[in-house]
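So the protein lines, in turn, are chains A and B.
Those letters in the first sequence? Residues 9 to 132, by my numbering.
Those letters in the second sequence? Residues 9 to 132, by my numbering.
Some hints here could point you the wrong way.
Since the list can't tell identical chains apart, any single copy or any two copies may satisfy a pair.
Unchecked claim - Straight-line Cα separation of at most 25 Å, DMTMM-like style, residue types lysine to aspartate or glutamate; simulated pairs:
#1 Lys92 - Glu102
#2 Lys11 - Asp59
#3 Lys11 - Asp130
#4 Lys11 - Glu81
#5 Lys92 - Asp14
#6 Lys11 - Glu132
#7 Lys11 - Glu88
#8 Lys92 - Glu132
Calculated directly from the structure, the hints in this document are not laboratory data.
Letter by letter, the chains look like this.
2 protein chains.
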Amino acid sequence: MLKSIDPLLNADVLYALRAMGHGDDLVICDTNFPADSVARQTTLGRLLRIDGVTASRAARAILSVLPLDSFVENPARRMEIVGKAGEVPAVQAEVQAEIDATQRRPRFYGCFVFKKGVIPPDPE
Amino acid sequence: MLKSIDPLLNADVLYALRAMGHGDDLVICDTNFPADSVARQTTLGRLLRIDGVTASRAARAILSVLPLDSFVENPARRMEIVGKAGEVPAVQAEVQAEIDATQRRPRFYGCFVFKKGVIPPDPE
Numbered sequence: 009m010l011k012s013i014d015p016l017l018n019a020d021v022l023y024a025l026r027a028m029g030h031g032d033d034l035v036i037c038d039t040n041f042p043a044d045s046v047a048r049q050t051t052l053g054r055l056l057r058i059d060g061v062t063a064s065r066a067a068r069a070i071l072s073v074l075p076l077d078s079f080v081e082n083p084a085r086r087m088e089i090v091g092k093a094g095e096v097p098a099v100q101a102e103v104q105a106e107i108d109a110t111q112r113r114p115r116f117y118g119c120f121v122f123k124k125g126v127i128p129p130d131p132e
Numbered sequence: 009m010l011k012s013i014d015p016l017l018n019a020d021v022l023y024a025l026r027a028m029g030h031g032d033d034l035v036i037c038d039t040n041f042p043a044d045s046v047a048r049q050t051t052l053g054r055l056l057r058i059d060g061v062t063a064s065r066a067a068r069a070i071l072s073v074l075p076l077d078s079f080v081e082n083p084a085r086r087m088e089i090v091g092k093a094g095e096v097p098a099v100q101a102e103v104q105a106e107i108d109a110t111q112r113r114p115r116f117y118g119c120f121v122f123k124k125g126v127i128p129p130d131p132e
């Protein structure tokens with residue numbers, strides 16, 4: 009464990025988050041998603057694991073260090089329910105709440121794909 | 009870059025710090041040290057780079073996340089000057105100041121090898 013860093017962020021996850029630049033996407037998926045096979049086709053090329061917690065708990069850990077991209081309209085996207093594109097299930101509302109808590113303004117349009125943004129230098 | 013994490017801690021360094029367990033040692037060395045050849049013989053097996061800063065600045069970044077080991081007497085050690093074992097050069101005094109700032113109590117016996125410690129669970 010490290011000081012001031014959420015213990016859910018293991019070494020592999022921390023490596024990937026720090027290596028990402030702004031505009032890069034991070035996918036948070038559930039246990040039914042074909043995570044391993046899809047991850048093999050990504051830029052990183054391998055699956056990162058955060059096991060045994062809810063999506064919102066994982067999102068909270070990730071968003072404690074990951075800035076969302078302010079250069080695009082939708083830096084957080086979600087998977088739509090088949091045949092019910094407008095419906096927001098509980099798991100997505102919970103992740104949205106974590107995003108809102110980070111952004112400090114309510115936006116209710118999705119989750120599950122995070123695009124990494126920039127942290128500007130401190131003002132002179 | 010990531011929020012709340014010193015930008016000197018690059019992806020490779022963050023990976024190693026998070027992968028370390030308590031009792032593991034981290035060596036901070038200067039540009040004259042045979043870093044690459046020695047690093048190849050360590051547990052990690054490769055050199056981690058933090059370039060262009062002083063040892064004390066690197067120590068500050070590392071100690072912002074790394075807990076020092078409370079189970080051993082000397083969790084921070086230094087390289088002795090040849091023929092002047094008791095002399096503490098400026099670079100070591102500066103690193104000691106960073107350690108003192110983290111520990112919040114003055115101890116003046118060294119630097120440069122950090123043994124990773126534990127972060128206990130929160131009290132019930």
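For this session: Check Lys92 against Asp14 for me: Cα-Cα at most 25 Å, and say if that holds within a copy, between copies, both or neither.
Result: neither (35 Å within a copy, 43 Å between copies)
Exercise. What label fits Lys92 with Glu102 when the C-alpha limit is 25 Å: within, between, both, or neither?
Worked result: within (18 Å within a copy, 61 Å between copies)
Exercise. Between the shortest in-copy and the shortest cross-copy C-alpha distance, which are at most 25 Å for Lys11 and Asp130: within, between, both, or neither?
Worked result: Cα proximity of Lys11 and Asp130: in one copy and across copies (23 Å, 13 Å).
Exercise. Between copies, within a copy, both or neither: which fits Lys11 and Asp59 at Cα up to 25 Å?
Worked result: Result: close both inside a copy and across copies, 21 Å intra and 23 Å inter.
For this session: Since the copies are identical, ignore which copy is meant and state whether Lys11 and Glu132 lie within 25 Å (CA to CA) inside a copy, between copies, both or neither.
Result: between (28 Å within a copy, 19 Å between copies)
Exercise. At most 25 Å between C-alpha atoms: does Lys92 with Glu132 qualify within a copy, between copies, both, or neither?
Worked result: For Lys92 and Glu132, neither the intra-copy (49 Å) nor the inter-copy (43 Å) Cα distance is at most 25 Å.
Problem set entry | Identical-chain pair category, Lys11 with Glu88, by Cα at 25 Å | neither (37 Å within a copy, 29 Å between copies)
Problem set entry | Intra- versus inter-subunit Cα pairing at 25 Å for Lys11 with Glu81 | For Lys11 and Glu81, the Cα distance is within 25 Å only across copies (21 Å; inside one copy 34 Å).
The structure fails to meet hints 5, 7, 8 from the earlier list, while all remaining hints are met.
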